[in-house]
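> If you want the building blocks of each chain, they are given just below.
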Amino acid sequence: MNLTLKVWKQKNSATQGSFETYQVKNISSEMSFLEMFDVLNEQLIEEDKDPIAFDHDCREGICGMCSMYIDGRPHGPWSQNTTCQLHMRAYKDGDTIVVEPWRANAFPVLKDLIVDRQAFDRIIQAGGYISVNTGNAQDANNLPIEKAKADEAFASAACIGCGACVAACKNSSAMLFTSAKVTQLSLLPQGEPERKSRVLDMITQMDKEGFGACTNTGACEAVCPKGISISNIARLNKEYIRAGLIV
Amino acid sequence: MTWKQLFISSVGKKVVMGLTGISLVAFLLVHAGLNACIWANDDGQMFNKAAHFMGSTVITRTLEIGLFIGIILHIVQGYMLAATNKAKRSIGYNVQLGNRGSKWYSRSMALLGSLILIFLAIHLSDFFIPSRITHAGLETPKFYDGDTTAYHDMYRLMINRFQDNILAVIIYIVGCIALAYHLFHGFQSAFRSLGVHNKKYNQLLTSLGYGYTVVVILAFIMMPLSIFFGWIS
Amino acid sequence: MSEKWQDYKDHCKLVNPANKRKLEVIVIGTGLAGASAAAALGELGYKVKVFCFQDSPRRAHSIAAQGGINAAKNYQNDGDSVFRLFYDTIKGGDYRAREANVHRLAEVSANIIDQCVAQGVPFAREYGGMLSNRSFGGTQVQRTFYAAGQTGQQLLLGAYSALERQVALGTVKQYNRHEMLEIVKIDGKARGVIVRNLVTGKLERHFGHAVLICSGGYGNVFYLSTNAMGSNVTAAWKAHKQGAYFSNPCFTQIHPTCIPVSGDHQSKLTLMSESLRNDGRIWVPKKQNDTRKASDIPEDERDYYLERRYPAFGNLVPRDVASRAAKERCDAGYGVGSSKQAVYLDYADAYVRYGKIEAGKSGKDHATQEEIIAMGKKVVEEKYGNLFDMYAKITGENPYEVPMRIYPAVHYTMGGVWVDYELMTTVEGLYCLGEANFSDHGANRLGASALMQGLADGYFVIPYTLGNYLADDIYAKSISTDHPAFAAAEKEVSDRIEKLMSIKGKQTVESLHKRLGKIMWEKCGMARNEQGLKEAIKEIQALKKEFWSDVKIPGGINEMNPELDKANRVADFIELGELMCLDALNRNESCGGHFREESQTEDGEAKRNDEEFMYVSQWEYKGDSQWELHKEALNYEVIKPTQRNYK
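Residue numbers (our numbering), protein chains in the order written: chain A, 1 to 247; chain B, 1001 to 1233; chain C, 2001 to 2647.
If we strip away everything but chain A, and leave its shape as in the complex, we get:
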């Protein structure tokens, strides 16, 4: 199939960007979306043009590095899917595809479709861990955990930190990301000692990074490649109120 691509090009974070239009030809429906970009980049390099910079690594939907806002939806049209797992079967000959970077002031564009997501690292640094030094642990089975809780904690821990939630949120809020970690650790007995400080500190950091507040629209949940539920956010709210107001 032949396609028209409208892609955001931006030299670096200090300059302004704009859309460029590209034509790609003979794309097979078996290709992945990123392989289509590989083909385009090879073509651009051969034509002495500037290839498109984009983030990607594992290409199997788990590292969370790929980050394209495709036709108005993070990670493209398929649900519970990352950009790297999107395949060209989703398109037909003659389609025009618009590709933009994640947009949020907390995620400045570094080049073309690549954004800086270190704000997520700093949110985790604020408290997304259990303070246990190596070698201090008791036997793992000394701490039985209810299966339902362990499963729920796992569902929250499945977050890949890609930032699609922020990209989709009209408020550029990082609440789904932050709440997934808070939920995971608050469900587990290991997380109990730091339960209060964790949620307060992580929210303070989230705000400091310039993410917006959640207004429960549900866009984050709709686009999350790992199906992280918006109930995590409500749970974070509870944890926050509990930590702050209830002694």
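Hints listed in this document are in silico derivations from the structure and should not be mistaken for laboratory results. Since this is a predicted model, take the numbers as computed values, not measurements. Careful, some of the hints might be misleading.
Not everything, but these chain C residues come out facing chain A in the computed CB check (under 8 angstroms) [to be verified]: (1) ASP2055; (2) ALA2064; (3) GLY2120; (4) GLY2129; (5) MET2130; (6) ARG2134; (7) ALA2148; (8) SER2161; (9) LYS2268; (10) ALA2392; (11) GLY2396; (12) ASN2398; (13) PRO2463; (14) ILE2557; (15) MET2560; (16) PRO2562.
Beta carbons: idealized from backbone N, C-alpha and C, even for Gly.
Chain A is already provided as a structure; the job is to place chains B and C on it using the hints.
Same frame as chain A, but now just chains B and C:
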């Protein structure tokens, strides 16, 4: 969490919105219940007495102050939230996610809220200000058998407002529809902001929210319509 | 043997806390090994700097491991022990690993699980709240801990959170989007690195009293592998060129259950968990070049070749055996799919088998065949649903209706930088951890052991062994990065980058990498022979010339330039490829993942040669395409090597 954080942090702001929102939801129910007295078809006796009660006891007047504080907080915090949230994305998207990710009204709470604010201003100047301050249109008190109290004839004020006034009726209906959509999102969102995370409860609250909104808003819409079409006398 | 590690810990030198603060450690890579090492060393009080080329430490490719992590906990009471894990690992590695290292690995395996649970890693649990185990990779005990199909992700996020905690505490400094391009050696000791900031393109100098390479495996030398696109050998290769021996580079693991290549455009291969072989049956048509659809091929015209060749183990033979058997069938013209480079993995029998059990359980004695199959599909969906979905997403086929097509793909590299018992390379102060080193898996790695090794090295080994080295280094003041050695190393790097950029040839980096991969896959892949390897060496040398005279890299140096990053890596892959072929040529025996066609039994099975090759090859870099082979003899004191047999 300090008190300051309650108003400054992203979660704290939402807690304020949720708390004030729920108190407004409670108020609306009382308001709708009282207004429904017009359908008693007793020349406004029940309605006027109820209105009188609301304006004459210390408790209700104190609650009224609380209500106004709540409304103001809700408005101020709501606008601040909308403004700061919007400022978090300086460069927008070329293609929007739109309804693929969320309901239009969930994304338009500030807009709906603004419509409601305009409506509220009209509504207050129509009824609240005459009742509490200017007494315009309420110069003739109303007396009922076996009762020496001079009542404000709020009922008459209401009839006069909507009888033969199609524009007022339309304004009120539009205001109510804006309120309905605001509530469709706001009702369940308020509980989420306050930490209700259990999926079953959330489903229940969402359904309850739709039910509540439909009943209350239909009641409100029926009031001017009933008067306009002369269904009550 | 069983006391060696305890004895080491009891007698190794220690560094007092006040001195630890003055000692700087550089960690390259943030996978399980790197993140756990950086976190553990930060906890001890060392000043740590950690570098990764991704945008966050959490992206490292350990995250993609699916199946699980082994530990000798014996929670299932099924007879597991440290010795059994040790024995299985040695045997699985076809007797080409060092006993002492593997024993230590088995010893600390239990601590890893404790540590991870304490960190909040949500492992799968039973209803009683205890940890759940599954069997894996053909071992006889259930010792694999798992978190659905995302064990690697959960373990890495655990290590990442421990690392971020240290960053918050100020003991670790984190450098994302930085790639190490040179080791700085002063007086024979590793004393720092030159890194390139991938955002600005600027080179930076960093001093460290010791340098830890935790940069993962080099499977991408084959171009197509299950590794992440960015996985590379560059850091390990720089270490090698600075004097660290490279060991057993030819030992690569080819995983049998991957989704086959669909065309020339393919950029990477996707693995599906080995657990699929527990219930699926592998077959090809009995007729060569059969173009019928799978469903049109009657039962008696199907060749279940694994069951035919290995009646005892059937579809559950080890990875290397299953992979070679698939290749053999496809090469002989029995392959399926449009590329003919695939075999079927069929669940039809499993549907019926599980369906019948379900029907029996629910008392439906007269269920029709359709009903039974439908019930069976439900059971399979519960067990393998996420893998079937993944297959459907990639291929667009419904694996519940048609058999899946699978083909082997490069997955893991057992070889790597040579290290001693303390994980130190042949360069003093330069360490290598995790998949990047050669140490624990011999010629073939067992399933669920990679995660174990990465975390063992980082959490439980390096904190002791590094202290033992640094205890003598407490008098060594930090060296200014203005030292001439830093300047020289930086110049070396910038000269190389400038040279790359100045070539301005005609061929893209990608196309050259693809060609390297093709040579490697065809001549140094699942089966190797002398003639092929000799040809490959020549071809790679020619490719290297071509690369350095005709590569085309767009963009500039002092900017974000992914093509330049890639060129830097591919240049190293080319050199590594040559060494891999050399090593494969030298090792004229078949063992584990390395199959020399000259060394096989009459019925085509691998034949090991312990007389001549019971050693670890140690290649010393001597200049362009020049290596000197040293040998570390393997002495088995505890375990007696035997020939593996799966018939």
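> Among all the numbered hints in the text so far, which are the ones the structure does not match?
Hints 6, 10, 12, 14 are the ones this structure does not satisfy, whereas the remaining hints hold.
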